[in-house]
Amino acid sequence: MEDAQPTAALSGQIVQLDRLDGSLIERMRHEALTAPAPWKAEYGDFQSGGWWTTSLMNASGDAADVRIADGAARPTALLEHMPATAGLLAELGLNYMWVRLARLEPNAFLWEHRDYDELDQVERHRLHIPLHTNSSAFLVTGGTKVHMGGGRIWRLTPTYAHGVCNLLGPDRIHLIADVYADDAYARLAERAQEPAEAEHLPAASEAELAERLAAARRLADLGYVEAAEQLLLRLFYSYALPEGTAYDLIAGLHTALGDSEANRRWTAAKSKLLALVP
Amino acid sequence: MPTALSLAPAELHLAELTEANRPAQLPLLTRIAGLLSASPAVTHLLVRGSLASGTADRLSDVDFVVGVHDRDLPAFTSALNDLMTVAAGALLPGWRDTIVADLGGIGFVFLVQHEGKLQQVDLYIAPASQITALRRKVGGKMLLQRPPAEITTSQIEQAQTHVAELTARPRSCTELLIEHLVLAVLLHKRIQRGQRFVAYAEWHLLHTATKDLIKTALAPTSRFWGWYQLREELVLTPIGRACLADLDAAITSPAVPAAADVNAALDRVIVLTERACPNALDGLADALTAYRTYLELA
Chain A
1 MEDAQPTAAL SGQIVQLDRL DGSLIERMRH EALTAPAPWK AEYGDFQSGG WWTTSLMNAS
61 GDAADVRIAD GAARPTALLE HMPATAGLLA ELGLNYMWVR LARLEPNAFL WEHRDYDELD
121 QVERHRLHIP LHTNSSAFLV TGGTKVHMGG GRIWRLTPTY AHGVCNLLGP DRIHLIADVY
181 ADDAYARLAE RAQEPAEAEH LPAASEAELA ERLAAARRLA DLGYVEAAEQ LLLRLFYSYA
241 LPEGTAYDLI AGLHTALGDS EANRRWTAAK SKLLALVP
Chain B
1 MPTALSLAPA ELHLAELTEA NRPAQLPLLT RIAGLLSASP AVTHLLVRGS LASGTADRLS
61 DVDFVVGVHD RDLPAFTSAL NDLMTVAAGA LLPGWRDTIV ADLGGIGFVF LVQHEGKLQQ
121 VDLYIAPASQ ITALRRKVGG KMLLQRPPAE ITTSQIEQAQ THVAELTARP RSCTELLIEH
181 LVLAVLLHKR IQRGQRFVAY AEWHLLHTAT KDLIKTALAP TSRFWGWYQL REELVLTPIG
241 RACLADLDAA ITSPAVPAAA DVNAALDRVI VLTERACPNA LDGLADALTA YRTYLELA
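Chains as they are written, first to last, in the numbering used here: chain A, 1 to 278; chain B, 1 to 298.
Just chain A, same shape as in the assembly (with noise of 0.2 Å):
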């Protein structure tokens, strides 16, 4: 197996902001916990399954409208029956894009992928509050896995290839929050620290690579051919792989069993994911 692609320096990818107030952030949990919120499923491409939004902010004012867009943010019905969370984004005075909820249920993953690509070609920031976490749910960048803790706000730059899982559960909660950059941002920004637990993935060797393929031909030869595409797709959060190489891998699954459209479908579904140009 060739080495993972050397990528940007890790805070590049992902940093800690400033933490928060430990009662604040319980406050907000509740709230995302029992507030009437209308989760929506969107960006299936993009998940396994189990990944829910809903907006606190966004240019409709709709807490159903999840697709994210440029555009000037106010608060969704939703925010009124959360005013700590309403509170704390007004506390910050960013400049907010949009704002949501997201909920990743157990088992549940977001594929490797790039996000922002098909938005406005202007300096924006991704910041995460989670409020709802567990040690088995974490972030993959750059082939190193970081739990994004609680209690304090993080900063990910989505236009690197990342992931995110939830293995095991209980449910993930995080308030994500889009923002331009301006001078509140940068603020904030002035306090990014290096993740204080971040884990490099170890890099597959190539046994290993080859009882995992073992195994995902063994699930598609019964039957189970999801199973073994999912099965393949989880290894980006096992082991530090050269971008794209879950999709490769099964790609090759499918040329392997014959079925040339399968390759066809996921060779498009790396190049739209990864938003690599044609």
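Hints are computed from structural coordinates only; laboratory data are not their basis. Please note: incorrect hints may appear among the correct ones.
To be verified - Only pairs whose alpha carbons sit at most 25 Å apart, straight line, appear in this in silico DMTMM-like list of lysine to aspartate or glutamate:
id, chain 1, residue 1, chain 2, residue 2
1, B, Lys211, B, Glu115
2, A, Lys40, B, Glu19
3, A, Lys272, A, Glu211
4, A, Lys40, A, Glu105
5, A, Lys40, A, Glu80
6, B, Lys117, A, Glu105
7, B, Lys215, B, Glu115
8, B, Lys215, B, Asp261
9, A, Lys145, A, Glu197
10, B, Lys117, A, Asp171
11, B, Lys211, B, Asp246
12, B, Lys137, B, Asp97
13, B, Lys117, A, Glu26
14, A, Lys40, B, Glu115
15, B, Lys189, B, Glu115
16, A, Lys145, A, Glu80
17, B, Lys215, B, Asp267
18, B, Lys215, B, Asp248
19, B, Lys189, B, Asp261
20, A, Lys145, A, Glu243
21, B, Lys189, A, Asp171
22, B, Lys117, B, Asp286
23, A, Lys145, B, Asp282
24, A, Lys145, B, Asp286
Since this is a predicted model, take the numbers as computed values, not measurements.
Chain B: place on chain A using the hints.
Frame of chain A; chain B shown alone:
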């Protein structure tokens, strides 16, 4: 035959009430059945236990007999852990069930997260050639019955050999640790239901699993059966003596445990594992955390 519902006056809206009272495990049962039946190798799906007899409560497990074409049985059992992890969200690899009766196949118990709760999914994998005989011994509701492609004598023999080998294979320390985790879930269920006799029996199984874990880790070549000569084999080293003390604490606990006794036993076994065979915990840290979280939420 008219049912109670069909005899009810039409103006009574009972459908919603019926829906509200359906077992919470039914969506999980449906999901697992849909998953398993996607393979043409699966010839039969039989639901057993309280969900088949209509006596389920919120603690009931989901209990399937899965008929698999004899030709595909080895591949199916090899793929089962991956399938249940990836597609069903099992927390841990399946525990090879040593409680289930021998019906010509092999049983596995998986712990699966479902709607925020830990649910037990029992899968008894049986060669298709054994299903007719099995049906004479066990009740249940048949969900799926596909006529299997021709089964040859050599395929039957191959499946039987595979089952015998799997059944006879010694369990690793990791498998024995998982056995403790599954038995603890069963015990909490017995305790909540007030099933004291069953709790007594499963509590003894838990202690036996602890003994097996210690022997597998520290006396893997022991020539002695069961509990015999345990002290003599283990007392020579500090680790052995500490494990004997743990086992002593286990067997002097109440005959019928309370929930706190089960939790204490689990804590003891995890410490014992760290001491005697720490590699058995490799890759299980998050699963143990999730397991404890779900038990607290139960």
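Hints and how they fare:
no. : hint                 : verdict
1   : Lys211/B to Glu115/B : 35 Å, violated
2   : Lys40/A to Glu19/B   : 24 Å, holds
3   : Lys272/A to Glu211/A : 28 Å, violated
4   : Lys40/A to Glu105/A  : 13 Å, holds
5   : Lys40/A to Glu80/A   : 19 Å, holds
6   : Lys117/B to Glu105/A : 12 Å, holds
7   : Lys215/B to Glu115/B : 38 Å, violated
8   : Lys215/B to Asp261/B : 23 Å, holds
9   : Lys145/A to Glu197/A : 9 Å, holds
10  : Lys117/B to Asp171/A : 11 Å, holds
11  : Lys211/B to Asp246/B : 10 Å, holds
12  : Lys137/B to Asp97/B  : 18 Å, holds
13  : Lys117/B to Glu26/A  : 22 Å, holds
14  : Lys40/A to Glu115/B  : 17 Å, holds
15  : Lys189/B to Glu115/B : 18 Å, holds
16  : Lys145/A to Glu80/A  : 35 Å, violated
17  : Lys215/B to Asp267/B : 19 Å, holds
18  : Lys215/B to Asp248/B : 14 Å, holds
19  : Lys189/B to Asp261/B : 14 Å, holds
20  : Lys145/A to Glu243/A : 15 Å, holds
21  : Lys189/B to Asp171/A : 24 Å, holds
22  : Lys117/B to Asp286/B : 16 Å, holds
23  : Lys145/A to Asp282/B : 17 Å, holds
24  : Lys145/A to Asp286/B : 14 Å, holds
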